[in-house]
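Could you build all of it, start to finish, from the sequences and the hints given here?
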Amino acid sequence: MDAVFYNGVSARPIDAQVSLLDENQQLLIEVDGETPILVSFADISITHSEKSLLVLSFGKNPNRVIEVKDETFRLNFLSSNKSGKKGITYFKLIHAGWKVHVLLALLIIGFCLGTYFYLIPFVAESAVSILPLSFDKKVGDMAFEQAMTGEEIDSAASVTMNEYLKKMMPGESHKYHLNVVKSEELNAFALPNGEIVIYSKMLRHIKTDDELSGLLSHEISHVTNRHSMRLLCKSLSGYLLLSVMLNDVNGLMTIILDNAHNLQQLSFSRHYEEEADLSGLKILEQYNINPKGMIDLFEILQKENTINVPGFLSTHPVTSDRITYIKQHISKHPYNFTPHPELLVLLNKGKAQLRD
Amino acid sequence: MEIINQPDAVGKRFYPISFKGRGAEYFGIAIVNLLLTIITLGLYYPWAKARQLQYLYGTTEFNDSRFEFHGTGAEMFKGFIKAILIITILYGLTFLLVYLRMPIIGILVMYLGLFSIIPLAIHGSYKYRMSRTSWRGIRFGYRGERNELYKIFVKGILLTIVTIGIYGAWFSMNLRNYILGKIKFGNAQFTYNGDGGKFFWMNVKGYFLTIITIGIYGFWWQKDIFNYYIDNLKLTHDDKNIDFKSTATGGDFLGLLIVNFLILIFTLGIGYPWIVARSLKFIFSKIQITGDIDFNNLIQTEENYTDATGDDMSDMLDIGFVV
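From first to last, the protein sequence lines stand for chains R and D.
Take the first sequence: its position 259, counted from the start at 1, is 259 in the working numbering, and no numbers get skipped.
Take the second sequence: its position 114, counted from the start at 1, is 114 in the working numbering, and no numbers get skipped.
One thing to keep in mind: the hints can contain errors.
Here are the computed distance ranges between Cβ atoms for each label pair [what the hints assert, rightly or not]:
#: 1; chain 1: D; residue 1: Leu112; chain 2: R; residue 2: Glu30; range: 23 to 33 Å
#: 2; chain 1: D; residue 1: Gly92; chain 2: R; residue 2: Gly59; range: 38 to 48 Å
#: 3; chain 1: D; residue 1: Ile299; chain 2: R; residue 2: Phe117; range: 52 to 62 Å
#: 4; chain 1: D; residue 1: Gly165; chain 2: R; residue 2: Leu133; range: 50 to 60 Å
#: 5; chain 1: D; residue 1: Leu41; chain 2: R; residue 2: Leu133; range: 27 to 37 Å
#: 6; chain 1: R; residue 1: Glu30; chain 2: D; residue 2: Gly92; range: 16 to 26 Å
#: 7; chain 1: D; residue 1: Thr40; chain 2: R; residue 2: Leu28; range: 28 to 38 Å
Hints listed in this document are in silico derivations from the structure and should not be mistaken for laboratory results.
Beta carbons are placed, not taken as given, at the ideal position from N, Cα and C, and that holds for glycine.
Take a look at the structure:
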């Protein structure tokens with residue numbers, strides 16, 4: 001096969017003949033009037049390969065170059081070369097055609113999207129464990145201040161409700177603080193510092209102490225599971241990834257604090273709500289409280305909620321779903337509970353104290 | 001072989017130069033490299049870079065022969081590790097000083113460090129790239145002195161600060177004259193003859209006209225700079241020369257850059273390999289090379305140089321290859 005040879009000393013082209021010795025994995029280069037050169041495939045670098053052009057080089061000093069402008073030779077060289085290490089596989093991949101390349105591109109795009117929407121948030125959520133608990137308090141304090149601006153706290157009812165909490169869970173009540181806020185919204189929420197807010201309308205709709213205990217156990221579970229913190233980390237995952245990679249916990253805290261005021265606007269995922277329901281039930285069991293209160297509570301919510309969004313559209317588990325899985329849980333984990341007349345007294349007292 | 005540059009009536013020869021690469025091919029390479037880089041958590045990067053350079057050099061044809069890039073992933077990987085170490089040490093030192101409540105000294109150390117790394121990176125980068133580039137087996141080479149480059153840098157930066165940036169044009173031309181003037185192509189020698197004053201007024205004109213025309217003149221400004229870089233370049237071999245001349249117009253640049261921009265936007269960045277390919281095709285198609293050098297007489301003179309630290313450092317600090 002005709003080729004052009006450059007001897008690595010001068011740029012003058014030299015006409016040469018090349019042939020492939022497949023069995024020996026060697027290339028034979030013959031130039032008129034000179035001793036033939038035998039190079040093993042393993043010592044040859046493919047400098048360039050395209051249709052009808054193959055540029056090979058070998059040797060460090062002098063670095064010799066051989067240029068063959070023939071497609072059959074190029075294909076034969078690529079297929080008979082078994083040295084592998086000089087990038088044969090790579091060239092095959094490169095020449096795999098546009099369909100393979102487009103597929104690879106889609107794969108990479110999919111991978112990037114997956115990383116961005118699933119992996120990074122997941123990592124960020126897990127990063128919560130490296131934050132000290134004292135930090136939850138700081139974030140909660142800021143968010144509480146923000147949430148209470150312009151709100152009217154019913155202090156008399158709040159005092160009674162805190163007494164209720166003390167009687168309900170004697171061991172742990174000091175970690176939490178209840179606030180009754182005047183509002184026509186049927187809602188309650190908890191902040192990472194243990195501040196729990198119950199809207200007055202919610203309190204009015206609650207009939208039994210078991211219902212109120214169910215509500216409180218649910219809200220407390222949001223705090224103990226650090227749901228707010230996890231959600232914040234997840235929604236700020238882009239920045240967080242960087243701080244975690246740089247092991248910069250301080251930077252991470254700054255970002256979270258800067259965003260603490262958004263806390264109330266974030267809504268928990270169905271997963272978090274379910275987790276809070278189930279750990280709430282554990283609290284009820286611990287203090288011998290009738291778990292049916294939680295079901296009754298959701299029935300109240302269900303009655304008030306006129307719009308019923310199908311489960312997969314809503315971020316909250318639809319109330320009927322919640323009732324179903326709570327019922328299932330109760331039937332699987334039966335336990336003995338006792339009535340708590342002292343709690344009912346406090347509930348009624350608190351409701352009576354509510355201002356209009 | 002030599003039919004293509006037979007001398008014309010006045011003894012001048014024309015030397016064709018062109019880029020033969022295609023966007024689709026380069027896309028394939030970029031995608032395969034990206035995939036391998038992701039799979040190896042970034043470790044493949046030096047090999048990817050070597051492959052990409054190999055393709056771009058291998059598809060650039062001068063006088064009927066392709067350029068060759070001999071750099072390997074292994075060389076670049078070693079350089080990559082060294083460059084990471086150097087930069088990590090520098091940042092580590094800065095953070096340590098800031099942590100020890102000496103932020104001003106810390107920041108000073110960082111700036112001084114970066115300032116002294118840049119000439120080092122440029123020097124190393126040229127030495128490596130040139131030595132790894134060849135044409136018909138004849139290597140290029142960079143014979144600049146590190147200390148000379150430092151002198152130009154120190155003088156240039158100090159005067160640029162003192163003159164609130166005005167000296168920048170002279171600084172840029174001094175660097176170009178020095179670096180390009182130290183580049184060898186076998187036993188042929190490049191020279192660049194830039195003039196700080198001309199370059200300065202060209203940029204002043206470009207700057208104000210661009211503002212007045214709400215940016216439209218920017219393409220012509222771009223053309224002026226490109227032409228200034230090309231037209232002052234020369235290659236000498238014994239008593240023979242070749243001259244480089246740009247035939248690019250402002251309109252050409254307008255077409256190139258607007259289409260590049262549209263490709264980038266409408267493909268969400270995936271079309272980047274096409275932008276590289278068409279830009280290189282454009283650049284080489286606008287360079288006219290004439291003279292009387294017989295390239296068959298080119299002789300190997302330059303040594304191998306395989307330390308890629310400077311090159312990887314330039315890459316990390318994002319210093320463009322051509323100053």
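Now for the hints, and whether the structure bears them out:
Taking 23 to 33 Å as the suggested C-beta distance range, the pair D:Leu112 and R:Glu30 does not conform, at roughly 59 Å. Between D:Gly92 and R:Gly59 the beta carbon distance is about 42 Å. The supplied range of 38 to 48 Å therefore holds. D:Ile299 and R:Phe117 have their C-beta atoms about 59 Å apart, which keeps the hinted 52 to 62 Å range intact. Between D:Gly165 and R:Leu133, the C-beta spacing of about 53 Å keeps the proposed range 50 to 60 Å intact.
The given range of 27 to 37 Å is respected by D:Leu41 and R:Leu133, whose C-beta atoms sit roughly 33 Å from each other. Checked against the given bound of 16 to 26 Å, the beta carbons of R:Glu30 and D:Gly92, roughly 58 Å apart, lie outside it. Between D:Thr40 and R:Leu28, the C-beta spacing of about 37 Å keeps the proposed range 28 to 38 Å intact.
Comparing the model with each numbered hint stated earlier shows that hints 1, 6 do not hold.
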